[in-house]
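Asks: So you can see what is in the structure, the chains are spelled out below.
Protein chains: 4
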Amino acid sequence: MVRLLEGEDTDRMDALSDGVFAIVLTLLVLQFQVPDADATGVPAALADQRPLLFSYLLSFAVVGLYWIVHHNLFQRIVRHDRVLLYLNLLFLLTVSFLPFPTELLGIYGTHFTWTLYALNFSFVGLSLTLLWWYAYRRGFTDETVDHRTGRLVTVRGLISPVVFLVSVGVATVSLSLAFVTPILIVPLQMLWARYYERGRE
Amino acid sequence: MVRLLEGEDTDRMDALSDGVFAIVLTLLVLQFQVPDADATGVPAALADQRPLLFSYLLSFAVVGLYWIVHHNLFQRIVRHDRVLLYLNLLFLLTVSFLPFPTELLGIYGTHFTWTLYALNFSFVGLSLTLLWWYAYRRGFTDETVDHRTGRLVTVRGLISPVVFLVSVGVATVSLSLAFVTPILIVPLQMLWARYYERGRE
Amino acid sequence: MVRLLEGEDTDRMDALSDGVFAIVLTLLVLQFQVPDADATGVPAALADQRPLLFSYLLSFAVVGLYWIVHHNLFQRIVRHDRVLLYLNLLFLLTVSFLPFPTELLGIYGTHFTWTLYALNFSFVGLSLTLLWWYAYRRGFTDETVDHRTGRLVTVRGLISPVVFLVSVGVATVSLSLAFVTPILIVPLQMLWARYYERGRE
Amino acid sequence: MVRLLEGEDTDRMDALSDGVFAIVLTLLVLQFQVPDADATGVPAALADQRPLLFSYLLSFAVVGLYWIVHHNLFQRIVRHDRVLLYLNLLFLLTVSFLPFPTELLGIYGTHFTWTLYALNFSFVGLSLTLLWWYAYRRGFTDETVDHRTGRLVTVRGLISPVVFLVSVGVATVSLSLAFVTPILIVPLQMLWARYYERGRE
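As given, the protein sequences belong to chains A, B, C and D, one line each in that order.
Using the numbering used here, the letters of the first sequence map in sequence onto residues -17 to 183.
Using the numbering used here, the letters of the second sequence map in sequence onto residues -17 to 183.
Using the numbering used here, the letters of the third sequence map in sequence onto residues -17 to 183.
Using the numbering used here, the letters of the fourth sequence map in sequence onto residues -17 to 183.
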């Protein structure tokens, strides 16, 4: 049976992953508390929860982006073995943990909670990049993925974890600055893709 | 890899969306609290939660209707690019936020909570209409969608957000009237479709 | 677009329904509370929650059986229109509400909570039978479903709601007897199928 | 209709199972509590929750492994009857119950809570092995599964429940030793597969 474990399709890996992503995206809203106030006090009580809105939206955006990346990578990964299943579970572990640091950050908003939050997102990015690198090295990708594309995507996948790690350092100087650091991820990824393409010609 | 992102199938977009819809529909019931009363006090304690039933049923109905619309639109959308993935995530953001204003409305039932609730549903409708409009303009729809159908569906999609926005105004006059305003959505959509069809001949 | 709503496949209806079933089956466990006791008091504190185990297992079993029935019916339903989508949402509404009366019953175990619980399950059965009846009458079923099978399944679908309604009456005499009444459902369904088959020859 | 219940595809069984697995994997994080402390007390308050991390990671790993096994087995199971649907529901019952003993173990970490936890995982393994054994005996597996593979997988499936049962005994001597006993599962499964393969030649 051990040998039977290498299979052609990745449909159920997609299904499990989509399930985890859908639940994480939806659980994030549970951090908002219905205030225990009288009717006139509700607007003020909700205004107190505004910091939660920042961590909620940031988490939703980053998780959403990672769903797109996962979706994108698995369009090219057409075979798997047992190790790839493990690596996908490791990735889902990091994703499914996110609601906890998101709520911590939303409530406390300290340097310490930002560190936990940024580390969690770093692990998300690192485990997905590891998964891609393994799939590409083992030849589980389809024929559209050549050597250069394999490397391009691997390096691109490291940009997001590095930015989150840098943001932990930035947070020692200014917490507000650290909060906006993740905005750098998308332009940096584009720059890297352009730079790499140019070197190709 | 950037260019690889335009793909033919929308299967996993469907899967993620169905997951979020299923979870939102099921989470809505969590707003009901098992009362902390002795056995004889349970009927009275549950009767106190009756207002929650209204917001529960309204949310279930509107979310269910939007699932039908999403299902319907994606039967015609057969290609996607990165922007469409973003727009679908934006739509899911608005859907996944719904349990919070639903519970707020059910507990407080004030003009303020109705405003939040109606605004959230307006964003749901606007983001889905934006998604459709983009897909149609970029030619991601199948051959059954001609110019007229594209416009018909776009305008029809704006009816629901407009009705919810109008209901915020209605709520300044009468809250009970605002609560029943959404009933107008389905007949208004039918009227518009009929009017448009007639102009076609 | 209105006419476009009649479609061939029921894949996404399956997907949404499976999602709601999976979440309801998993949410049921959330009614169990980690006791707030010291380490030696845990066994006793858990023993206090034994009544919850009954309502948990009964709900899991009945929801599971309804998933099988839904799965079974949708193997024969191969087309749909807008009304069928509505009827499926109505069915999912009744299913997704179940965790609440399940917890109420597990905690209070009174005649009143059994009534709520049994009524909820009656609505589950009635809405699914209505859905089947509509699909069969509109000719949305495949060629293996003839007139007799259509009626056989419709009547069989009414057995479970009737048993639950009867159990509400039984509960006025003996609550324990009411709790075991649902066991009658499976043998009664078999009897009806056998009786109907015999009449056929 | 009763006879109609034997079907060719197992797609929706996969879908329901993937849904339950995805939700269980994601619900496990809900056991972590956002501490009710001032900002400086957060690191210490989180450190108090470290035991939860052990039960969280162990549960995630074992549930993940069982998803892989389920995924693997259902690649070979190509037909089903009503009994197989029941056995799959029984398996999902044991899986969906896991968050509760996981949280109990994480909070109390006593011999009693380990017993509950290990028993639950034993039931997970036993019900899945029963499911496999039934499918194989009824000939629902594909042509790659011969008599020897059928037996190999059945016996292999019993290793995990036996290890968990043994760990309950181990816990009477040393709780820490019991916690690491599950590590034996994977090497023991490999040893068994190797031993069986050798006897084959």
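Think of the hints as simulated: they come from the structure by calculation, not from any bench.
It is possible that part of the hints are untrue.
Listed below are several chain B residues computed to face chain C (Cβ distance under 8 Å; list not exhaustive) [what the hints assert, rightly or not]:
id	residue
1	Asp(-4)
2	Ala(-3)
3	Phe3
4	Thr8
5	Phe14
6	Val16
7	Pro25
8	Ala26
9	Ile50
10	Asp128
11	Val155
Stretches of chain D that chain A covers, calculated by requiring three or more beta carbons in the stretch to come under 8 Å of a beta carbon on chain A [said to hold, decoys possible]:
id	region
12	16 to 26
13	48 to 54
14	92 to 104
Being a predicted model, the structure only gives us computed values, none of them experimental.
Every residue, glycine too, gets a C-beta built ideally from N, C-alpha and C.
Asks: Does each hint fit the structure? Answer for all of them.
Replies: Status of the hints after comparison with the structure:
Annotation: B/Asp(-4) was flagged as interfacial toward chain C, and the flag holds, the nearest CB pair being 6 Å apart, inside 8 Å. The closest approach between the C-beta of B/Ala(-3) and any C-beta of chain C is roughly 7 Å, which is under the 8 Å cut-off, so the hint is satisfied. The closest approach between the C-beta of B/Phe3 and any C-beta of chain C is roughly 6 Å, which is under the 8 Å cut-off, so the hint is satisfied. Because the smallest distance between the Cβ of B/Thr8 and any Cβ of chain C comes to about 4 Å, under 8 Å, the interface hint for this residue holds.
A hinted interface residue such as B/Phe14 counts as satisfied when its beta carbon comes closer than 8 Å to some beta carbon of chain C; here the least separation is about 5 Å, so the hint holds. About 5 Å separates the beta-carbon of B/Val16 from the nearest beta-carbon of chain C, less than 8 Å, and the hint is met. Hint status for B/Pro25 relative to chain C: holds, with the closest Cβ pair at about 6 Å, below 8 Å. Because the closest C-beta pair between B/Ala26 and chain C is about 11 Å apart, greater than 8 Å, the hint is violated.
The criterion of a C-beta within 8 Å of any C-beta in chain C is met by B/Ile50, whose closest approach is roughly 5 Å, and the hint holds. A hinted interface residue such as B/Asp128 counts as satisfied when its beta carbon comes closer than 8 Å to some beta carbon of chain C; here the least separation is about 11 Å, so the hint is violated. For B/Val155, the shortest C-beta to C-beta distance to chain C is roughly 31 Å, which exceeds 8 Å, and the interface hint is violated. Counting residues of the region 16 to 26 of chain D whose CB lies closer than 8 Å to any CB of chain A gives 4, so the stated coverage by that chain holds, three being the minimum.
Judged by the Cβ-Cβ criterion of 8 Å, the region 48 to 54 of chain D is covered by chain A as claimed, because 4 of its residues qualify and three suffice. With 0 residues having a beta carbon nearer than 8 Å to a beta carbon of chain A, the region 92 to 104 of chain D misses the requirement of three or more and the stated coverage is violated.
Checked against the numbered hints above, the structure breaks hints 8, 10, 11, 14 and satisfies the rest.
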